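All chains, full assembly: derive it from the sequences and hints.
Same order as they appear, the protein sequences are chains A, B, C and D.
Counting in my numbering, the first sequence runs from 1 upward without gaps.
Counting in my numbering, the second sequence runs from 1 upward without gaps.
Counting in my numbering, the third sequence runs from 1 upward without gaps.
Counting in my numbering, the fourth sequence runs from 1 upward without gaps.
In the DSBU-like style, the derived pairs of lysine-lysine whose C-alpha atoms are separated by at most 30 angstroms in a straight line are:
1) Lys89/D / Lys198/D
2) Lys323/A / Lys327/D
3) Lys7/D / Lys70/B
No lab work stands behind these hints, which were simulated from the structure alone.
Quantities reported herein were computed from a predicted structural model and do not represent experimental measurements.
There are 4 protein chains.
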Amino acid sequence: MIITLKKGTDAKSLDTLTQWLRSQSIEAHVSEGEYSTIVGLIGDTSKLDTDLIQGLPMVENVTRISEPYKNANRKFHPDDTVVDISGYKIGGGNFQLIAGPCSVESREQIISIAKDVKKSGANLLRGGAFKPRTSPYAFQGMREQGLELLREAKKETGMPIVTEIMDASHIELFDDVDVFQVGARNMQNFELLKELGKTDKPILLKRGLANTLQELLMSAEYIMAGGNSKIILCERGIRTFEPAMRNTLDITAVPLLKKLTHLPIIVDPSHAAGIADMVHPLSLAAAAAGADGIMIEVHNDPQHALCDGPQALTPERFDAVAKDVMKIIGITGKTMNGAEK
Amino acid sequence: MIITLKKGTDAKSLDTLTQWLRSQSIEAHVSEGEYSTIVGLIGDTSKLDTDLIQGLPMVENVTRISEPYKNANRKFHPDDTVVDISGYKIGGGNFQLIAGPCSVESREQIISIAKDVKKSGANLLRGGAFKPRTSPYAFQGMREQGLELLREAKKETGMPIVTEIMDASHIELFDDVDVFQVGARNMQNFELLKELGKTDKPILLKRGLANTLQELLMSAEYIMAGGNSKIILCERGIRTFEPAMRNTLDITAVPLLKKLTHLPIIVDPSHAAGIADMVHPLSLAAAAAGADGIMIEVHNDPQHALCDGPQALTPERFDAVAKDVMKIIGITGKTMNGAEK
Amino acid sequence: MIITLKKGTDAKSLDTLTQWLRSQSIEAHVSEGEYSTIVGLIGDTSKLDTDLIQGLPMVENVTRISEPYKNANRKFHPDDTVVDISGYKIGGGNFQLIAGPCSVESREQIISIAKDVKKSGANLLRGGAFKPRTSPYAFQGMREQGLELLREAKKETGMPIVTEIMDASHIELFDDVDVFQVGARNMQNFELLKELGKTDKPILLKRGLANTLQELLMSAEYIMAGGNSKIILCERGIRTFEPAMRNTLDITAVPLLKKLTHLPIIVDPSHAAGIADMVHPLSLAAAAAGADGIMIEVHNDPQHALCDGPQALTPERFDAVAKDVMKIIGITGKTMNGAEK
Amino acid sequence: MIITLKKGTDAKSLDTLTQWLRSQSIEAHVSEGEYSTIVGLIGDTSKLDTDLIQGLPMVENVTRISEPYKNANRKFHPDDTVVDISGYKIGGGNFQLIAGPCSVESREQIISIAKDVKKSGANLLRGGAFKPRTSPYAFQGMREQGLELLREAKKETGMPIVTEIMDASHIELFDDVDVFQVGARNMQNFELLKELGKTDKPILLKRGLANTLQELLMSAEYIMAGGNSKIILCERGIRTFEPAMRNTLDITAVPLLKKLTHLPIIVDPSHAAGIADMVHPLSLAAAAAGADGIMIEVHNDPQHALCDGPQALTPERFDAVAKDVMKIIGITGKTMNGAEK
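As structure tokens, then:
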């Protein structure tokens, strides 16, 4: 961390600052110049409050050089984290396809889709029971009943289930759920993150619509600070000025997160563009960029899906995507884990 | 709502569509052209699911012409909503200053600031007890104890209190709180909004960092759909590419929301820029643009504030802002309600 | 400037770096820590190339602490620059209203509007002759003929003229023009900026749609490096994710630029929102935030304007805006310069 | 195009509107509803001015359904355009690697790099002679002398050259240049686009930092309206709120542009992230997403490059990228054109 002092800061103020820093186990190196004095902080600054220092009267500005996250930081944990979901691994060279409908709509629907996507190579089943919808008048999901149908699909197919949790009070309802999904709108629902940190189930943490990569890692840090390190990060598109697509898939997030953290990173190409025709090319791009998995919306009857129909693939189209993705991961050196299980 | 059909849509498909629309009490007017066929929908389309229609195989695109919100829509409720907070009115020409520290830190702190800002003209006291912080290592607020101190400040000064709620399970803890504040990060925490819709207390709803005005109004609609119409909207800056300020205050949101909705709109200039020196000019700009109130962070010792020190004003600087704001609202025809109480 | 070195940088590499810096008259202060070594640079770093240093193999990252602009920097030129346009001053407490049509359309149109806006208090006449239009099929302005009509309006009313230049090869055509306007799309047309730096006429430099304040000041620096310091900066809205308005007026840019630079700053509320109804409130907000002037589109027949009709005011509405703006600048301590001339 | 009329528009006004539209060869289909009247426009609306219509007093809003570009529109030109650069084809299944330094720095440098990248599979040589730099104090390119060195490299290696043009007055200097590159900052330099439309050389048109895909196509339309259809579009990253990378590569632009236009689309992964380590994964992602080519910065001594060192690859790293890209395009069904030449 670098502190730039205001011109004319006196020696006594500076001394008070360096002593306070020392009390926090931080060494301060002072460089005095004509226009400004710079103080370089050496030590573990991850728990220092930038705002607090910025508020000091002598301070012109504060620049953080090292990352404010520790548990999620690759610098301190160079090896890839591998998240194991009932035997299916993700991260550390293991790749997974996660597929299923936006919303669970009926027993027939979820089981039929589950069987189809499994045949094409997806090992994990996704499906929304609790749905965050912009409008109070839109379908809000089947809720408890949806969870029940997911359990039945799991029994029928053996596929672990991934489904979204919207409120900490629902945790116990998610008993048989294998992966808690935290949606983009809840990426900074800190009360929820704290509670999930106390569980020991894998968390699929989606990046918020306008959150930085550092904020995503800080949200992972919230969960890890509670003791749960089974986190899968998910890039699902960010909000920009471009009106031709629902969101802008930030593909660079994949290799950049790989550098910054040891946690696995997957991509959701369905929500990113919100256009079914874009899912195939974006899935290949995600695999080529080094993603550890891809999560795709598949519906047996996209025209009549109760939500997000325009972005869902039919099982046939999903099968074509899966085949091409397999070829790409061959090039990037990953393997579809569990295929041989 | 306008539906553009794909070239070559046959008469039978079109007929199925118009019949289905009729079953939803929507009249369809069809205009056939060389390159495309356009279907104009006449009727209450606010509950139609755009995604569902977009998913139909014959549909090229869907454009919503009328707003998807009804209760919050000025078209259907031309008169300004006036929210009454223990006798202090906001909206309909009534202006309020809301002030106080970012976080409640101690009994002395909150009472001393409350007395100061009251003297300068603020009728409502703000102060955070539950604090949403990006880092799990930052001060998270005094929580229940903070609420207790706010109650004491209220008793001491008679000022109604505004404080942030982060989780639906906390509602009962907020017993004596006068206004529930929903923070930017929770603007689309729909489970929380639904629960707040069942209460009858005023809600101060902050716009999310990257949410559109329509999404803000849809979140208000969530609360109103539950039966609670006492909503105060708050513009607090949006996220853009500009690094010189924490957020970009969207000042146009004030007059534009005034056109779209009958709900009162206030501005939070402290969080918008995140720079104390900007609070004075931005407060005047907000008042000049027609805001119904301004919410400002004030701290008796900003250098040692436990959070957001850099953006807090001292009571002296707040007093200067308040004096200038009074002059501006004289020009825009608003009155500081409750001054004469 | 702060250079953070990669872990494990050896003493010899560090020595080469500090010697090279010394050859550039920069003193390097080195602070070695456990995880990283920090080098603080003291001296005039405005001409150092950040990219060059970032490219060195030993460097982890480079952070600029001081601004890369010198001529435009308030730190080195604390007094406000006052730009004098044929006797009408802008900056240093002097405020100006600039008004006129988006495009010059006919002799009658431009003279009639000029007379109207002058009566309401505008001292400077704006009007486009060369028009940058997104579509090649849209009206491109009357070009040379438009300049001729502006000259006639100037002769008739005595108002200095402000009009946009789109290409360096046109400079000589702008003979009688009083202020060269550089449009948002040309803010980084560096060949044009260099040529304008060689003239001695005032330049009204608009901020680009997605340019930072620092980039705006660097573009001003291009002009100043050529010897011309008569620059008026103009905030005209930036591009964000919000679809309800054409651009988002960045009102904070006004007080923030005031801190960073000594150059005068005006606001263009017409282009900012692109909605006529927003011009009145945004003009008041701009004046309240401390702008040195406002530039407004006025048309005697907005419905039939050849471009940007939706954002133009009628002369009557402009008159109402001007009256309220006068009241606001009374509060901020500015005066409408030239009124008494 | 859809026009929504204000509530209460009388029959006479509506009649005037429909008659005027008919005079523009546009048929108007009127649908009257309770809250609004919708007018559907059938015919070639690409030359209608949306702003003009929006300005009419009876109009509430105007929505364009069909695209405002015609020449660039795939609807009217379903077959892929193939641009031929001295025998090297791009588009229509033909893929090209374009490589070279950010700036031409010396004879040795450009020839050495040219030979290296040619060996790895690049058929076209890039290199900047005229450099748009944010700072007037940064290296501005070798200008005419740089063009001369590019000509020598072309003579030596037979590689056609791609280099940036910044001003229409320079066109004649670019005599032996094979492809005019229009940089992001000049994408809407309409005077330059008009002049380039009169030439018959291929144009590599980069998307602006904050321009929509439609605006990019409108800029292509400017060139095409002048008679030149040899246009290669280039996605090079857009500006977002994310500070961890210089720009955000909009990978979805590739498949989306493929749908909207018949023009070839390439990607510039070097400028997109501004980080050398990201070039390899982003290149693979671009190829996987269906790009017709990739343009990469390569420098034999990146640490000492005069500009943009941090994003340049060494020839060795470029070779590794080229090998992997070849594998990917095998999957997407494209071929590296000219390899067998």
